[in-house]
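Undergrad: Next come the chains, spelled out residue by residue.
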Amino acid sequence: MSGVFIVSDNILSPIGLTTSKNFGQLKKSVSGIQKHHDTALSDQPFYAALFDQSGFIKDSDHKYTRFEQLLMASISDALQNSSVDAGDKKTVLIISSTKGNISLLETESYNPTIQKRISLPTSAKLVAEYFGFINQPVVVSNACISGIMAILTGMRLIQSGQYENAVIAGADVISKFVLSGFQSFQAISPGPCKPFDVNRDGISLGEGAATIILSANPKNAQGIKVMGGAVSNDANHISAPSRTGAELCQAITKTLDNAHLLATDIDFISAHGTATIYNDEMEATAITLANLQTVPVNSLKGYYGHTLGAAGLIESIVSIHSLKENLVIPTLGFNETGTTNPLNICTDLLSGNFTNCLKTASGFGGCNAAVVFSKQ
Amino acid sequence: MIAEKYITSGCLISNHTVYKNGELLFVNKDADVPGFLLSVYKHFDINYSRFYKMDNLSKLGWLASEILLKNSFQKENYRPEDIGLILSNANSSLDTDQKYMTSVKDIPSPLLFVYTLPNIVTGEICIRNNFKGEDAFFVFDSFNADFIENYVSSLLDNNILQACICGWVELLGDEYKAALFLVEKLKGNEAVSFTKEHMNKIFDDKKIN
Chain B
666 MSGVFIVSDN ILSPIGLTTS KNFGQLKKSV SGIQKHHDTA LSDQPFYAAL
716 FDQSGFIKDS DHKYTRFEQL LMASISDALQ NSSVDAGDKK TVLIISSTKG
766 NISLLETESY NPTIQKRISL PTSAKLVAEY FGFINQPVVV SNACISGIMA
816 ILTGMRLIQS GQYENAVIAG ADVISKFVLS GFQSFQAISP GPCKPFDVNR
866 DGISLGEGAA TIILSANPKN AQGIKVMGGA VSNDANHISA PSRTGAELCQ
916 AITKTLDNAH LLATDIDFIS AHGTATIYND EMEATAITLA NLQTVPVNSL
966 KGYYGHTLGA AGLIESIVSI HSLKENLVIP TLGFNETGTT NPLNICTDLL
1016 SGNFTNCLKT ASGFGGCNAA VVFSKQ
Chain A
294 MIAEKYITSG CLISNHTVYK NGELLFVNKD ADVPGFLLSV YKHFDINYSR
344 FYKMDNLSKL GWLASEILLK NSFQKENYRP EDIGLILSNA NSSLDTDQKY
394 MTSVKDIPSP LLFVYTLPNI VTGEICIRNN FKGEDAFFVF DSFNADFIEN
444 YVSSLLDNNI LQACICGWVE LLGDEYKAAL FLVEKLKGNE AVSFTKEHMN
494 KIFDDKKIN
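Quick note, the sequences are listed as chains B and A, same order. 666 is the number of the first residue of the first sequence in my numbering; add one for each residue after it. 294 is the number of the first residue of the second sequence in my numbering; add one for each residue after it.
Honestly, the hints are just simulated from the structure, not real lab data. Hints are not guaranteed to be accurate.
To be verified - Listed next, the in silico SDA-like pairs over lysine to any residue satisfying Cα-Cα at most 25 Å (straight line):
1) B:K754 x A:K392
2) B:K755 x A:S446
3) A:K392 x B:I779
4) B:K686 x B:Q699
A quick note: this is a predicted structure, and the numbers were derived from the prediction, not measured.
The shape of chain B in the complex, shown without the other chains (with noise of 0.2 Å):
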């Protein structure tokens, strides 16, 4: 089965509020990740890359929720950069998010309309009607690895002829709940997040939202292609991950026979690199059992945190953009190798001939995805 177009994409985060912005900004090293005194969202300082404020209309203000209309900023520049029309009946929206407007369960009191207005389907219907989508959007909420579930889900329904383009948008914003509840793990970092340190010590959160425009129709494509994926489950805990790093693996392997690739064709991989101990140890066991350990890899948590349901997209979207630019973006925060398996961790800016990019996610509940884009 042939791959599926990327036509149009958008990056929508603390850094820049386009793709071109957020790269540009990349490659200079620009984090958006900063100490956080806002005691509405934690009792102590936090790091975390957050939205300026000021940026986005508070949500009682307007009809949509700032998670909206976070998605909506986003899908919007993706659309206007394409030619895909939203109410062609061969298009669909999917949406990727974990939490969605869940920060209304801490300013409303709780009754059956805030239960409607916290439905991860009244926000993607919200959305798809104000851009005139005429079929029934389809929600992913999947843990960690929702943005490359999405990716996979509108690939495959591109390939089976039900649809030609699929606009997938992903988004998550940290509010108190989200970030209590990694608090409560003990999972957040003190300090800006370091992927695949020797002294790595938890996440940083962040929050975004992406968009990424697949097609069957070369038309107007850019030259990178979705090739093909896969999702497995560890089947061994759900919040921690499988001790042998056995089911990425899996994940890893079945996306390459998808793609009718081999290991040595793989260029670079941006890894989901959260920066916990257990992540970065599983999936530098799994890179290094799917024959990967010399293939430039990078994680872009130190730039984006963790940005939970937009972190697929967002990351996918980074690594497409370094095919086009033939240029692999350092992993921020990383100084000294302190994984098991050691990687060929990307320190610097890297320069090269790159083909085929490989993106993996984790994620609780034992899942595991991943993806690969291709340069025609």
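We have chain B; now place chain A onto it with these hints.
TA: Quick look at chain A alone, frame taken from chain B:
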């Protein structure tokens, strides 16, 4: 590449009743929701202490999968990576989200936080059964049999999976419903073809034949 696909087992838990393949297996109208779920666990003589740690949504989905698969699935005929789950609901993990939010006012509970994602149900079923294949959680306003039929069919037709548990697991307060379907490429005695019409009939608690 289009394979013949069958619903080889179906389980419906709703209205304080448990149906499997159209047959009423258990009813307990006298309990609240947590009490009902516990009575199902005890009635089917299940021995799995992890059950007590799960939130209500996971208990519901996990019980439905246990009953769905019991004496109806030859797991040994498949590799773990060939068995997957495609689940869906309307309110994600909102039932536990509310409980977690309550704990935040005092001491945020990591035990509750871990269940504030809908795909944890999937994780619990995978852990129990050693299912390692493709899994996904979708959120729809109401059960979307059309989407499930198309998506699961394409996974089986393209040999991404050889067997799939799919359906709906929804729980919020006192309102709940689990409808799970085991889909395989082989036709068993009670198997019906895997179509949205058949799924909707089972979902609406109607017998197929």
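Undergrad: Does the structure keep K755 (chain B) and S446 (chain A) at a Cα separation of 25 Å or less?
TA: Judged against 25 Å, a Cα distance of about 19 Å means the pair holds.
Undergrad: Below or equal to 25 Å on CA atoms is what counts here, so check K686 (chain B) against Q699 (chain B).
TA: 19 Å, holds
Undergrad: Given the hinted pair K392 (chain A) and I779 (chain B), is their Cα-Cα distance within 25 Å?
TA: Between K392 (chain A) and I779 (chain B) the Cα gap is close to 15 Å, so the pair holds against 25 Å.
Undergrad: Between the alpha carbons of K754 (chain B) and K392 (chain A), is the straight-line distance 25 Å or under?
TA: 41 Å, violated
Checked against the numbered hints above, the structure violates only hint 1.
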